[in-house]
Amino acid sequence: MRTKGAVIRVRHGGSGPPLLLLHGYPNNHVLWHAVAAKLAQRYHVVCPDLRGYGDSSLPDPGARLINYSHRVMAEDMIEVMEQLGHQRFFLIGHDRGARVSHRMCLDHPERVMKLCLLDMLPTYYVWTNTTREWALGTWHWAFLAQPEPFPQTMINAVTPEWFLTNRGGIPRQRPKIVMDEFIRCFTPKTISGACRDYRAGATINFEMDAADKDKKIATPLLVLWGTRGAPPTDEYPTVWRKFASNLETIEPLATGHYIQEEMPEQCLDRFFKFFVA
Numbered sequence: 001m002r003t004k005g006a007v008i009r010v011r012h013g014g015s016g017p018p019l020l021l022l023h024g025y026p027n028n029h030v031l032w033h034a035v036a037a038k039l040a041q042r043y044h045v046v047c048p049d050l051r052g053y054g055d056s057s058l059p060d061p062g063a064r065l066i067n068y069s070h071r072v073m074a075e076d077m078i079e080v081m082e083q084l085g086h087q088r089f090f091l092i093g094h095d096r097g098a099r100v101s102h103r104m105c106l107d108h109p110e111r112v113m114k115l116c117l118l119d120m121l122p123t124y125y126v127w128t129n130t131t132r133e134w135a136l137g138t139w140h141w142a143f144l145a146q147p148e149p150f151p152q153t154m155i156n157a158v159t160p161e162w163f164l165t166n167r168g169g170i171p172r173q174r175p176k177i178v179m180d181e182f183i184r185c186f187t188p189k190t191i192s193g194a195c196r197d198y199r200a201g202a203t204i205n206f207e208m209d210a211a212d213k214d215k216k217i218a219t220p221l222l223v224l225w226g227t228r229g230a231p232p233t234d235e236y237p238t239v240w241r242k243f244a245s246n247l248e249t250i251e252p253l254a255t256g257h258y259i260q261e262e263m264p265e266q267c268l269d270r271f272f273k274f275f276v277a
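Counting in our numbering, the sequence shown runs from 1 upward without gaps.
Watch out, some of these pointers could steer you wrong.
[Unchecked claim] Distance ranges between label pairs, derived from CB positions:
#1 GLU161 x ARG64: 19 to 25 angstroms
#2 THR187 x TRP139: 21 to 27 angstroms
#3 ALA63 x PHE150: 17 to 23 angstroms
#4 ARG88 x ARG2: 17 to 23 angstroms
#5 ARG2 x ARG172: 34 to 40 angstroms
#6 GLU251 x THR159: 25 to 31 angstroms
#7 GLY13 x ALA210: 18 to 24 angstroms
#8 PRO188 x LYS215: 33 to 39 angstroms
#9 LEU136 x ALA254: 20 to 26 angstroms
Bear in mind the hints are in silico, worked out from the structure with no lab data behind them.
Backbone N, C-alpha and C define an ideal beta-carbon position, used for all residues, glycine too.
Put together the whole structure using the sequences plus the hints.
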């Protein structure tokens, strides 16, 4: 689907209330493989690749990386949903997709009926509360944000298989067909796209979030996080109460970062209870 600034690869299906699923790094829409089919029994499920990821296009970064800001990425997704006939929708975001979702609810609260965020603390909070443990556990934040072409050159020096299986945090039960798809989409193009995303995260996204740090999202919110994430933290309830005014449920799950893959049935149970039109 063509938006104002990108061509977005979209997979969608099912019937019922619209539900948009946004993936994170270093993945694409296939990240939702363990839950999408069952969700499609109750919802019209829409699974896009974010700009710069998967089979979506790689737009020019623009002035100060504006074209990779979460604001612009959120606008892509709104256009996709409009083209599918949906003005308002349910939304689930994981990792980078959760950051796009957070920004969407700040900029366009009228679009999102309910929001679920998976294993994500707000960008402003993360950058202003960095600890030694956090830096070691999420080293890629600073690495990918380095100026071109440093991180891309280093990543392209190894095979996609090596990088994706050695960077840590990969679920052991991930099916081969899913891993093969992630490997297929881990190309010089998507490596550049991810680096642009993380550079924007350390610059223009941080500035936007700093400007809105006292603005709470009012959308009904469900937050799930993995207690074995990198790094493990029990700060989620305290932090999200500062950034959201309608926090319905916040719940830890005994899993790592890829919650929807590692505990799909538990996630589906929470999704079905929360996303009621």
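Verification of the hints:
| no. | hint | in the structure |
| --- | --- | --- |
| 1 | GLU161 x ARG64: 19 to 25 angstroms | violated (34 angstroms) |
| 2 | THR187 x TRP139: 21 to 27 angstroms | holds (22 angstroms) |
| 3 | ALA63 x PHE150: 17 to 23 angstroms | holds (21 angstroms) |
| 4 | ARG88 x ARG2: 17 to 23 angstroms | holds (22 angstroms) |
| 5 | ARG2 x ARG172: 34 to 40 angstroms | holds (38 angstroms) |
| 6 | GLU251 x THR159: 25 to 31 angstroms | violated (38 angstroms) |
| 7 | GLY13 x ALA210: 18 to 24 angstroms | violated (39 angstroms) |
| 8 | PRO188 x LYS215: 33 to 39 angstroms | holds (37 angstroms) |
| 9 | LEU136 x ALA254: 20 to 26 angstroms | holds (22 angstroms) |
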